[in-house]
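Asks: With chain A held as given, fit chain B onto it using these hints.
Number of protein chains: 2
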Amino acid sequence: MNRDASLRARAKAVIPGGMWGHMNANGLPADYPQFFVQAKGARVTDVDGNEYIDFMCGFGPMILGYKDADVEAAAEAQRGRMDMANGPAEILVELAELLVDTIPAADWAMFSKNGTDATTACLMIARAETRRTKILVAKGAYHGAAPWCTPKPAGTTAEDRAHLIHYTYNDVTSLSAACEQAGSELAGIVVSAFRHDARHDQEMATPEFATAARALADQAGAALILDDVRAGFRIDIGGSWEPLGVRPDLSAWSKALGNGHAIASVTGNDRFRDAAQKIFVTGSFWCGAVSMAAAVATVHKLKRTDAIAHMIRLGEKLRSGVQTQADALGIECRQSGPVQLPMMLFDDDADFAKGNLFTITALRHGVYLHPWHNMFLSAAHTDDDIEIALNATQHGLDAVAQRFPLSI
Amino acid sequence: MNRDASLRARAKAVIPGGMWGHMNANGLPADYPQFFVQAKGARVTDVDGNEYIDFMCGFGPMILGYKDADVEAAAEAQRGRMDMANGPAEILVELAELLVDTIPAADWAMFSKNGTDATTACLMIARAETRRTKILVAKGAYHGAAPWCTPKPAGTTAEDRAHLIHYTYNDVTSLSAACEQAGSELAGIVVSAFRHDARHDQEMATPEFATAARALADQAGAALILDDVRAGFRIDIGGSWEPLGVRPDLSAWSKALGNGHAIASVTGNDRFRDAAQKIFVTGSFWCGAVSMAAAVATVHKLKRTDAIAHMIRLGEKLRSGVQTQADALGIECRQSGPVQLPMMLFDDDADFAKGNLFTITALRHGVYLHPWHNMFLSAAHTDDDIEIALNATQHGLDAVAQRFPLSI
Chain A
1357 MNRDASLRAR AKAVIPGGMW GHMNANGLPA DYPQFFVQAK GARVTDVDGN EYIDFMCGFG
1417 PMILGYKDAD VEAAAEAQRG RMDMANGPAE ILVELAELLV DTIPAADWAM FSKNGTDATT
1477 ACLMIARAET RRTKILVAKG AYHGAAPWCT PKPAGTTAED RAHLIHYTYN DVTSLSAACE
1537 QAGSELAGIV VSAFRHDARH DQEMATPEFA TAARALADQA GAALILDDVR AGFRIDIGGS
1597 WEPLGVRPDL SAWSKALGNG HAIASVTGND RFRDAAQKIF VTGSFWCGAV SMAAAVATVH
1657 KLKRTDAIAH MIRLGEKLRS GVQTQADALG IECRQSGPVQ LPMMLFDDDA DFAKGNLFTI
1717 TALRHGVYLH PWHNMFLSAA HTDDDIEIAL NATQHGLDAV AQRFPLSI
Chain B
1357 MNRDASLRAR AKAVIPGGMW GHMNANGLPA DYPQFFVQAK GARVTDVDGN EYIDFMCGFG
1417 PMILGYKDAD VEAAAEAQRG RMDMANGPAE ILVELAELLV DTIPAADWAM FSKNGTDATT
1477 ACLMIARAET RRTKILVAKG AYHGAAPWCT PKPAGTTAED RAHLIHYTYN DVTSLSAACE
1537 QAGSELAGIV VSAFRHDARH DQEMATPEFA TAARALADQA GAALILDDVR AGFRIDIGGS
1597 WEPLGVRPDL SAWSKALGNG HAIASVTGND RFRDAAQKIF VTGSFWCGAV SMAAAVATVH
1657 KLKRTDAIAH MIRLGEKLRS GVQTQADALG IECRQSGPVQ LPMMLFDDDA DFAKGNLFTI
1717 TALRHGVYLH PWHNMFLSAA HTDDDIEIAL NATQHGLDAV AQRFPLSI
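Each protein sequence line maps, in turn, to chains A and B.
Mapped onto my numbering, the consecutive letters of the first sequence carry residue numbers 1357 to 1764.
Mapped onto my numbering, the consecutive letters of the second sequence carry residue numbers 1357 to 1764.
Next comes chain A alone, as it looks inside the complex:
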């Protein structure tokens, strides 16, 4: 038995199902490791000593590379002074000022620990300001794992979602209908940065959709809430809808903000400042100064380097390389979404048999991909990493071509 299997057996005894949540490897093909021992730059090493070029980046947080020297130096310096006490450190103010300075839609910022903390606080602020109840969310969109939004119904009640109304992402007619349904009770419209639902092709927000979402929120006096937890800082440093010219009232951030340090944020505009002050949200560790120092260092480094352009350049190289490989084999491999947050899905693959074979083959060639979740590039990936990845995807696509021969 290898170390991963041995740890899984021990885990099964003391953790329900052996693991929980989005990092549960039971949802991945067999042979995917559950446990890791090392992470550095764009590479992770599992407990059996296998090293991978990582295209999940810890499901997003790692944007500058694991153990980025600048981020860790800032964290270490803050750690030497204090992390938590009976109030925050000065770095809280610096971080809030930095976000307000960086994000055009932001007049203020608050901080927490989970993306779910941030999305939930956005709903509360929208409701506190408007004194209304209804919240619009896109069908199938992920906004966290609290009872109001967790994708599985177990343990939730009907009342947890009593005031949610669903629309179809990028469908203006559907969004309008949902607004009409909410009527005078519309408190907020929640939009993801783009459609990044697991197991589905990704879709960039269309300019028409973004503009309509803003206009419908304005007409109703409701909040436009951008869930930038997953995409934030990878599309545009000022917010993922900046390229669309549409500014949300409230934004939820987390994942990449602290390059792996646990931090989340709500930013908002002046209209929602009083309401943000009225709600009571807090957590024992929300003032942790080390994670704030990491966030300040992360945002500064993203701003002073070409990190996003670098991720886009490498993402395009990966996407076009895979496309060329798939075309040569006659495989229909659909790549969707921003190249720096790639998604790869196969035609005629409802059970992900092709996707699983593709990714497990790549894994055996030292490249960690995901069969049905969007992936992430980072500033730590190099041209050489993409070459190694393309070698692995070639093996993966070859395996798919061999197991699933063309029927033509």
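The set of hints was computed from the structure by calculation and includes no laboratory data.
Where hints are given, some of them may not hold.
Note that the list lumps identical chains together, so a pair holds whenever it fits in one copy or between two copies.
Stated by the list, open to error - In silico DMTMM-like links for lysine to aspartate or glutamate, alpha-carbon gap of 25 angstroms or less:
#  : residue 1 : residue 2
1  : K1368     : E1450
2  : K1368     : D1630
3  : K1368     : E1453
4  : K1659     : D1463
5  : K1368     : D1457
6  : K1508     : D1557
7  : K1657     : E1432
8  : K1634     : D1553
9  : K1368     : D1463
10 : K1495     : E1515
11 : K1508     : D1630
12 : K1659     : D1592
13 : K1673     : D1630
14 : K1423     : E1541
15 : K1368     : D1626
16 : K1495     : D1574
17 : K1423     : D1740
18 : K1634     : D1707
19 : K1423     : E1450
20 : K1495     : D1387
21 : K1423     : D1739
22 : K1508     : D1705
23 : K1368     : E1688
24 : K1634     : E1515
25 : K1657     : D1387
26 : K1508     : D1626
27 : K1659     : D1457
Replies: Relative to the frame of chain A, chain B by itself:
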């Protein structure tokens, strides 16, 4: 303007109200600092260079002392390997095994980041197992800051609390009535380790209440849920109701678990294992290995040292010292709850004028107390610290005696 005032002014521009949540110094007398610069052992230093012996311990997390050498060494060693990757490190299994080994009621453990994550997951697990909806909570009890439990209504909806039924802590008749009201829909009974509501005298759970809570949960087939977030590891290493001989089905932990590192946990027994596996709760940083290494080191050190006995001994010294001082001045100062989680309130002090004067005077003598929230001792406090504290409380009580002369 001092540095704290200058930072508050800057904060007011970029953070709603200048600060949020339980660490907002606006709820404290003027002169309490909002911002800190240093924390070490039992001492914190504010941004203007004033050092205090800290009896808040960051509102609980600091149980072994800020920057405890053993905890920080363990964290540092883990940090050198990895914090987060695409899955947990081996330390996850070690921590779960350690909690199951340490907590008699626990057959399994899960981890998250906030106390609220843990209490919310307990509700979800109770509901998933029982397929019922109703949850009993004590009037005025604090169980976190999600919409279902946050103490302020702003931003919440009636439906967020549609299935809560309230009882009075330590009142068996009231608890029975609440159970009857829930009827066949009773999913869980939430109890705090003891009554530690802000602004109220604390009350230890009576054996009658604890026994009745267990029996009523059993009769209904519901979960007994112990919220041990605030008190956990300061009363009994195995859980705060161990001395009462009453074991919960599910327990929520956080604060002291990682000695200041951001971590929370749900532990439960085998009856609720399947349900815990069925719910989907997760967060980007919940597998952070550094906080888990800190937790393992914290629990080991609490077990191998006399930390709890030490806190009790010093807590008794503080309590009896203050009592003697108050008696000599004829001041009615009510000290309640466990001595290691002290609460000090004054008679005829609805507006906390006495409490504010008492604590602000102590603050000026280098001792950080709280006028209306329970306080915390730690293993890092020393006999000398208590002597210094008693000097400060003497000054505080003298000030109260002078400003509020006895009317007799």
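Asks: Decide, hint by hint, whether the structure agrees.
Replies: Now the hints, each set against the structure:
{"no.": "1", "hint": "K1368 - E1450", "verdict": "between (43 angstroms within a copy, 12 angstroms between copies)"}
{"no.": "2", "hint": "K1368 - D1630", "verdict": "between (47 angstroms within a copy, 12 angstroms between copies)"}
{"no.": "3", "hint": "K1368 - E1453", "verdict": "between (45 angstroms within a copy, 11 angstroms between copies)"}
{"no.": "4", "hint": "K1659 - D1463", "verdict": "within (19 angstroms within a copy, 47 angstroms between copies)"}
{"no.": "5", "hint": "K1368 - D1457", "verdict": "between (47 angstroms within a copy, 15 angstroms between copies)"}
{"no.": "6", "hint": "K1508 - D1557", "verdict": "within (21 angstroms within a copy, 41 angstroms between copies)"}
{"no.": "7", "hint": "K1657 - E1432", "verdict": "both (16 angstroms within a copy, 24 angstroms between copies)"}
{"no.": "8", "hint": "K1634 - D1553", "verdict": "between (32 angstroms within a copy, 21 angstroms between copies)"}
{"no.": "9", "hint": "K1368 - D1463", "verdict": "between (47 angstroms within a copy, 11 angstroms between copies)"}
{"no.": "10", "hint": "K1495 - E1515", "verdict": "both (18 angstroms within a copy, 21 angstroms between copies)"}
{"no.": "11", "hint": "K1508 - D1630", "verdict": "between (34 angstroms within a copy, 15 angstroms between copies)"}
{"no.": "12", "hint": "K1659 - D1592", "verdict": "within (10 angstroms within a copy, 49 angstroms between copies)"}
{"no.": "13", "hint": "K1673 - D1630", "verdict": "neither (46 angstroms within a copy, 45 angstroms between copies)"}
{"no.": "14", "hint": "K1423 - E1541", "verdict": "neither (46 angstroms within a copy, 49 angstroms between copies)"}
{"no.": "15", "hint": "K1368 - D1626", "verdict": "between (49 angstroms within a copy, 12 angstroms between copies)"}
{"no.": "16", "hint": "K1495 - D1574", "verdict": "within (22 angstroms within a copy, 39 angstroms between copies)"}
{"no.": "17", "hint": "K1423 - D1740", "verdict": "within (20 angstroms within a copy, 41 angstroms between copies)"}
{"no.": "18", "hint": "K1634 - D1707", "verdict": "between (47 angstroms within a copy, 21 angstroms between copies)"}
{"no.": "19", "hint": "K1423 - E1450", "verdict": "both (22 angstroms within a copy, 23 angstroms between copies)"}
{"no.": "20", "hint": "K1495 - D1387", "verdict": "neither (32 angstroms within a copy, 50 angstroms between copies)"}
{"no.": "21", "hint": "K1423 - D1739", "verdict": "within (20 angstroms within a copy, 41 angstroms between copies)"}
{"no.": "22", "hint": "K1508 - D1705", "verdict": "within (23 angstroms within a copy, 49 angstroms between copies)"}
{"no.": "23", "hint": "K1368 - E1688", "verdict": "neither (38 angstroms within a copy, 54 angstroms between copies)"}
{"no.": "24", "hint": "K1634 - E1515", "verdict": "both (23 angstroms within a copy, 19 angstroms between copies)"}
{"no.": "25", "hint": "K1657 - D1387", "verdict": "neither (36 angstroms within a copy, 37 angstroms between copies)"}
{"no.": "26", "hint": "K1508 - D1626", "verdict": "between (35 angstroms within a copy, 22 angstroms between copies)"}
{"no.": "27", "hint": "K1659 - D1457", "verdict": "within (11 angstroms within a copy, 47 angstroms between copies)"}
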